[in-house]
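2 protein chains.
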Amino acid sequence: MSTVTAPHVIATYIIETSLPLEHAAEVLAGEQSTGTFVRVERESDDLRARFAAQVESLEEIPLTGASPLPGSVGDPATRRRARLRIRFPLENFGPSLPNLLAAVAGNLFEIKQLSAIKLVDLDLPPAFAERYAGPQFGVAGTRRLMSRPDGAMIGTIVKPSIGLSPADLADLVGDLAAAGVDFIKDDELQGNGPQAPLRERVAAVMPVLERHADRTGVKPMYAFNITDDIDRLEANHDLVLAAGGTCIMVCVNLVGLPGLEYIRRRSQLPIHGHRAMFGSISRSEQLGIGFRAWQKIARLSGADHLHTNGISNKFYETDAQVLDAIAAVREPLLGLESTVPVLSSGQWGGLAHATYAETGTTDLLVLAGGGIHGHPDGARAGVASMREAWASAAAGESVETALERSAALRRATEAFGAARV
Amino acid sequence: MSTVTAPHVIATYIIETSLPLEHAAEVLAGEQSTGTFVRVERESDDLRARFAAQVESLEEIPLTGASPLPGSVGDPATRRRARLRIRFPLENFGPSLPNLLAAVAGNLFEIKQLSAIKLVDLDLPPAFAERYAGPQFGVAGTRRLMSRPDGAMIGTIVKPSIGLSPADLADLVGDLAAAGVDFIKDDELQGNGPQAPLRERVAAVMPVLERHADRTGVKPMYAFNITDDIDRLEANHDLVLAAGGTCIMVCVNLVGLPGLEYIRRRSQLPIHGHRAMFGSISRSEQLGIGFRAWQKIARLSGADHLHTNGISNKFYETDAQVLDAIAAVREPLLGLESTVPVLSSGQWGGLAHATYAETGTTDLLVLAGGGIHGHPDGARAGVASMREAWASAAAGESVETALERSAALRRATEAFGAARV
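These protein sequence lines map, in sequence, to chains A and B.
Residue numbering for the first sequence follows this note's numbering, starting at -14 and increasing by one per position.
Residue numbering for the second sequence follows this note's numbering, starting at -14 and increasing by one per position.
One chain only, chain A, in its complex shape (with noise of 0.2 Å):
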């Protein structure tokens, strides 16, 4: 059929309801496609078999225990659970993200037919890649940038997150330069607020850089949250972009997906895409949109770095969930320039050979504030500890020569208990 070799979209889906699943899945693909079910009028056959949204596949899953979403019908005791795919016609909405999302997510939170809904993953035809230019620096210019050819890339979070004057910002990151990051980022919360303008703080900072990178031949990066109205945030780009700064970041759920891809069109510096507000459409595990499918949009719209969290975090995600996003991000996608996936939480320098005998890679930018800002021996220790630990990893040997090797390593142990080995 022609519908099946058409560009299509294909989208999986966590489903839980007391109907029979197959009926579910019918419910599903007819609301966000050619209609409900009562046929109306001028609804032909031609119509249905050209623009309807198909069951691609159908797989039963063992139920969680979560509680069944509220206002969803049925006897709860029949609930099943089922891994479910939905061929999309690319026709219905073109290869345009926003309306992807009318079709592949829109209202379907809402049927009330289902008592668990996630979208989970979405396979895009080349069609996105070809209006889409997605990341423009990736992991190969993220690291000419902060002259890092290889070895993970070591940063820091500006803490306390806001707050600070520019000028206590300038120490800071002055200090920070000193310890030999490679990488610094303002607080997803410190945006272009009264109390330290994204203006001064640009004024703040670049020249600290400048210094250090006249002296050392090394400009660290520095990622100035230009998160904002839309309309600002090209003005935001360039004042960072006139300063000499070679990062912006944009907290992609707070200027929408679309403003992700907005400001890509026009940045000349890589985008640093923080997650912020995440969690709100993703730690259910009955609702919403999962890291899959939500990280190739993100991508998609051109984001060259991505949060991905770090093991052991200090928030509610496991490590399986941790590695299956920066794996995710790692992925090729329909042929676009990497993202690099961004640890952060809780990360040290005891967290190295774990997180590397997962990832196997050290295309990774690897944030730490009480892991650097927190070592007993200061931040440059703190950096010391977490670059030597990466590069013992690296070098294929274990947390016990690592620790051996490292004294700052085993003076961050002290503070932040053993080693994951």
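Just to be clear, a hint being listed does not mean it is correct.
One copy or two, either will do: identical chains are not told apart, so a pair holds if it fits within one copy or between any two.
[Said to hold, decoys possible] The list that follows gives simulated cross-link-like pairs (lysine to aspartate or glutamate, DMTMM-like), each with its CA atoms no further than 25 Å apart:
{"hint": "1", "residue 1": "97", "residue 2": "11"}
{"hint": "2", "residue 1": "204", "residue 2": "322"}
{"hint": "3", "residue 1": "299", "residue 2": "195"}
{"hint": "4", "residue 1": "97", "residue 2": "309"}
{"hint": "5", "residue 1": "97", "residue 2": "373"}
{"hint": "6", "residue 1": "97", "residue 2": "44"}
{"hint": "7", "residue 1": "97", "residue 2": "216"}
{"hint": "8", "residue 1": "299", "residue 2": "60"}
{"hint": "9", "residue 1": "97", "residue 2": "304"}
{"hint": "10", "residue 1": "97", "residue 2": "270"}
{"hint": "11", "residue 1": "299", "residue 2": "270"}
{"hint": "12", "residue 1": "299", "residue 2": "115"}
{"hint": "13", "residue 1": "204", "residue 2": "362"}
{"hint": "14", "residue 1": "299", "residue 2": "28"}
{"hint": "15", "residue 1": "204", "residue 2": "270"}
No lab work stands behind these hints, which were simulated from the structure alone.
If you're wondering where the values come from, they're calculated on a predicted model, not measured in any experiment.
Please arrange chain B on chain A, whose structure you already have, making use of the hints.
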């Protein structure tokens, strides 16, 4: 203390936690402002006093029985639920909606000490209304453009959702205009795909409406779905405007709230705000963002119309939720122009009295798909049944009187069941 009287935002949350409630509240306030439990260098007492978020109030409420969120820590048996109000200094983010969300939402959904976390309301200071213009047309502007000075505004949705050729669409719109609707909208699935590009839909629909206006003096409002990449929104709007169209539809969550704000600054037409994908952040009682909070941001961003769902709808929401949403949209907000609540999903004439009894207003846009297209005597009778029912309700008549007087409403009950009292 100056931090109390200085401009601030109060965010209201529902939380669940196995920690002592006061302690969990402090975790949340800390994560979303000056930082974490570990005090870092340069985090002075002054800085904390000025920038820290503060617990405004904390009220324990009953557990609902819903499962704790994945990854939450602590003994589930000790869980408690509370309504928590947190005060954030405006100075932290300024009156910027994207940066506001970093603070009041942001990473907090990921906090593992919380087994439920939902942002349910926001109290915003006047500075936001100085920066954001809000709706441009509201109730009065919408009524003027559709020549419907009083009574409920009756509208419908193009069905089938997708797949109609522009010629078939023109036929359908001609029939609906002749049937007397005030308003017609594209389905949210109908964007700008190759099967019926916006340009072709506008070219097909507007001459039909103009001819109808020439004959009757009334041009029904047609909301063309202009949802697309940000850079295409203005051109899409201009296409509608140039053809004499009187409304654009934007799927707020698909272009992003900042995308809505972007087109508001450029729009000369009322903006019909569709809430597709809202369920992904709101259906769970344990996670996400509630309608009261979300609709304030959508209204500041410029939505003239905003979907609230209707009573007896086919989706998951209860009547109580729907009525609270309608009430929320009708509450004054910082002196902004009004926004019209849009009732849809399963609506028909038999719901008019029950809806009016609860809302006390006809400043509503009531959309019926099946309730109009599916009336036994056709669309004209479908519109008549709704208009007569709403006029009766607003005149203080009983449902019984309405049924006696309106043949169209009586016939509607044969298709849709008994009218609600």
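* **Violations among the numbered hints** => Hints 3, 5, 7, 12, 15 not satisfied by this model.
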